[in-house]
Amino acid sequence: MFDIHVLDEEEEGVLWLEFSAKLEKLCFCVAICYLPPADSCRPVDSDVFFRNLLHQIYSYQHKGKIFICGDFNSRVGSNSDYIEGVDLVKPRNYIDHTENHHGDVFINFLSDVNFGMLNGRFNDNQFTCISTTGKSVVDYICVPYEDMENIEDFKIVPMSDIINNISYIPDSIPDHSVLYCDVNLSINLKRNMDMNKSENNASHKHNVSSVPNDFLLNEDIFHKVLEAIQKIENYIEVSSDVQNAYDEFQSLIKCEMDNKLPIYNSSSGNKRKKSRFKPYWNDSLAGQWSKVCETEKKWLRYTGPTSLKQKYKKEYCSERKTFDRLNRKFKRNIKPMNAIYLKINCVKPISVISGNLLVNWVLPTSVNRVFQWQLLMRTVQLIQTETML
1 MFDIHVLDEE EEGVLWLEFS AKLEKLCFCV AICYLPPADS CRPVDSDVFF RNLLHQIYSY
61 QHKGKIFICG DFNSRVGSNS DYIEGVDLVK PRNYIDHTEN HHGDVFINFL SDVNFGMLNG
121 RFNDNQFTCI STTGKSVVDY ICVPYEDMEN IEDFKIVPMS DIINNISYIP DSIPDHSVLY
181 CDVNLSINLK RNMDMNKSEN NASHKHNVSS VPNDFLLNED IFHKVLEAIQ KIENYIEVSS
241 DVQNAYDEFQ SLIKCEMDNK LPIYNSSSGN KRKKSRFKPY WNDSLAGQWS KVCETEKKWL
301 RYTGPTSLKQ KYKKEYCSER KTFDRLNRKF KRNIKPMNAI YLKINCVKPI SVISGNLLVN
361 WVLPTSVNRV FQWQLLMRTV QLIQTETML
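Take the sequence shown: its position 376, counting from 1, is numbered 376 in the working numbering, and each next residue is one higher.
Calculated directly from the structure, the hints in this document are not laboratory data. Ideal Cβ placement from N, Cα and C applies to all residues, glycine included. There could be a bad hint or two in this list.
What the hints assert, rightly or not - Derived pair list, reagent style SDA-like, types lysine to any residue, alpha-carbon separation capped at 20 Å:
| hint | residue 1 | residue 2 |
| --- | --- | --- |
| 1 | Lys205 | Pro174 |
| 2 | Lys321 | Lys331 |
| 3 | Lys254 | His206 |
| 4 | Lys309 | Tyr94 |
| 5 | Lys260 | Asn218 |
| 6 | Lys63 | Lys90 |
Unchecked claim - Restraint-style ranges between C-beta atoms, simulated for each label pair:
| hint | residue 1 | residue 2 | range |
| --- | --- | --- | --- |
| 7 | Tyr302 | His223 | 57 to 63 Å |
| 8 | Asp324 | Ser80 | 37 to 43 Å |
| 9 | Asp147 | Glu9 | 43 to 49 Å |
| 10 | His62 | Leu326 | 51 to 57 Å |
| 11 | Lys291 | Arg332 | 33 to 39 Å |
| 12 | Ser251 | Val86 | 50 to 56 Å |
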């Protein structure tokens with residue numbers, strides 16, 4: 001539906017993306033920001049940071065609507081992001097009562113540029129950063145005052161909820177939550193919807209449960225991977241065209257899927273959801289993760305005396321640390337087993353030529369496809385590194 005281009009990345013900590021509708025004359029820009037904490041090893045002057053961001057907004061406001069989002073490490077407390085009695089803006093609710101210098105400068109910036117934060121103006125008002133050291137609101141999505149009425153919904157999703165929904169535990173759990181909003185854009189999507197329907201009717205689904213061992217692991221696809229990498233680098237570094245870079249990667253995977261994967265039989269009765277948990281996931285980890293989620297919700301939702309709130313925080317921190325320790329323990333235990341399995345099954349050598357470089361990899365014939373993909377990526381990385389030398 002949209003072509004995405006990198007509009008500006010000159011200022012450190014600010015990335016501007018431009019979204020252009022493919023079939024309509026519509027364009028909007030998104031500024032993705034990161035302002036380090038004031039006490040970090042690489043501090044940034046917040047006054048200079050927001051002054052530069054203000055100049056960029058004035059430079060790109062002619063292109064269309066502008067959205068600002070990111071981690072500002074700014075705690076604004078009860079301060080208003082508008083001038084009361086002058087700006088007709090809905091007051092916001094706040095759950096983080098702490099303020100800092102970043103937050104004061106951030107509030108002044110929003111008032112100067114006539115932007116308001118979505119945090120606290122919708123039903124879902126939660127902390128955006130949750131860790132064993134505390135909880136805070138430091139991540140925001142901001143829009144111009146006049147565009148507030150176009151925001152249909154805004155939500156803050158804690159990382160624990162996302163992990164439970166997708167049934168996947170990463171190696172390290174991020175502290176920051178995911179922020180998203182529904183925006184009502186003035187665009188006629190009927191033509192786009194008709195095109196999508198026709199494409200969906202003509203498309204087919206692949207049975208990804210039957211991935212062959214040679215998926216992305218033959219000599220022909222090796223060369224296609226290298227070509228795709230070169231095109232992607234060219235799109236991003238030369239023309240800053242994110243959409244074409246993504247399309248190039250997508251076409252590579254889709255081509256291999258069409259060649260190697262069987263077509264999914266929609267009449268099949270096997271609808272069981274595939275688990276995305278780590279291979280070392282067990283009952284001990286599952287039980288400990290449930291305790292982490294339970295104590296986290298108990299701590300975040302409690303609004304009573306401070307002494308009891310501190311008790312709930314300590315319980316959450318204790319359960320979280322226990323889970324992290326168990327997660328590292330079981331992960332370390334499974335790695336030696338995988339190494340032995342790879343060594344036994346690696347019997348098929350494949351050579352890849354890139355320029356004057358000959359890379360010899362011994363690829364497994366019956367090993368799990370996850371390890372095959374890791375070997376492939378290491379091969380490509382080695383080729384890239386040696387080619388640039």
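Margin query: For a C-alpha distance cap of 20 Å, please report whether Lys254 and His206 respect it.
Written below: Given that 20 Å is the threshold and the Cα spacing comes to 10 Å, the pair holds.
Item checked: Outcome of range test on Cβ distance (Asp147, Glu9; 43 to 49 Å) -> For Asp147 and Glu9 the Cβ distance comes to about 24 Å; the hint is violated.
Margin query: What's the verdict on Lys321 and Lys331, does the C-alpha distance respect the 20 Å limit or exceed it?
Written below: Roughly 15 Å separates the two Cα atoms, so the pair holds.
Notebook entry, point to check: When you check the alpha-carbon spacing of Lys63 and Lys90, does it fall within 20 Å?
Noted result: 27 Å, violated
Margin query: Tell me if the beta carbons of Ser251 and Val86 are separated by a distance inside 50 to 56 Å.
Written below: 52 Å, holds
Item checked: His62 versus Leu326 beta-carbon gap, inside 51 to 57 Å or not -> Distance hint for His62, Leu326 holds at roughly 54 Å.
Check: Does the Cβ-Cβ separation between Lys291 and Arg332 fall within 33 to 39 Å?
Finding: Since the Cβ atoms of Lys291 and Arg332 sit about 22 Å apart, the hinted range of 33 to 39 Å is violated.
Notebook entry, point to check: Between Tyr302 and His223, does the C-beta distance stay in 57 to 63 Å?
Noted result: 59 Å, holds
Next item on the list: Please work out if Lys205 and Pro174 have their alpha carbons no farther apart than 20 Å.
Entry: With Cα atoms ~33 Å apart, Lys205 and Pro174 exceed 20 Å; violated.
Notebook entry, point to check: Quick one: are Asp324 and Ser80 within 37 to 43 Å, going by C-beta?
Noted result: At roughly 39 Å between Cβ atoms, Ser80 and Asp324 fall inside 37 to 43 Å, so the hint holds.
Item checked: Lys260 paired with Asn218 [C-alpha distance capped at 20 Å] -> Holds. Lys260 to Asn218 sits at ~11 Å (cutoff 20 Å).
Check: Taken at face value, is the distance from the CA of Tyr94 to the CA of Lys309 at most 20 Å?
Finding: 18 Å, holds
Hints 1, 6, 9 and 11, counting from the list given before, are not met by this structure.
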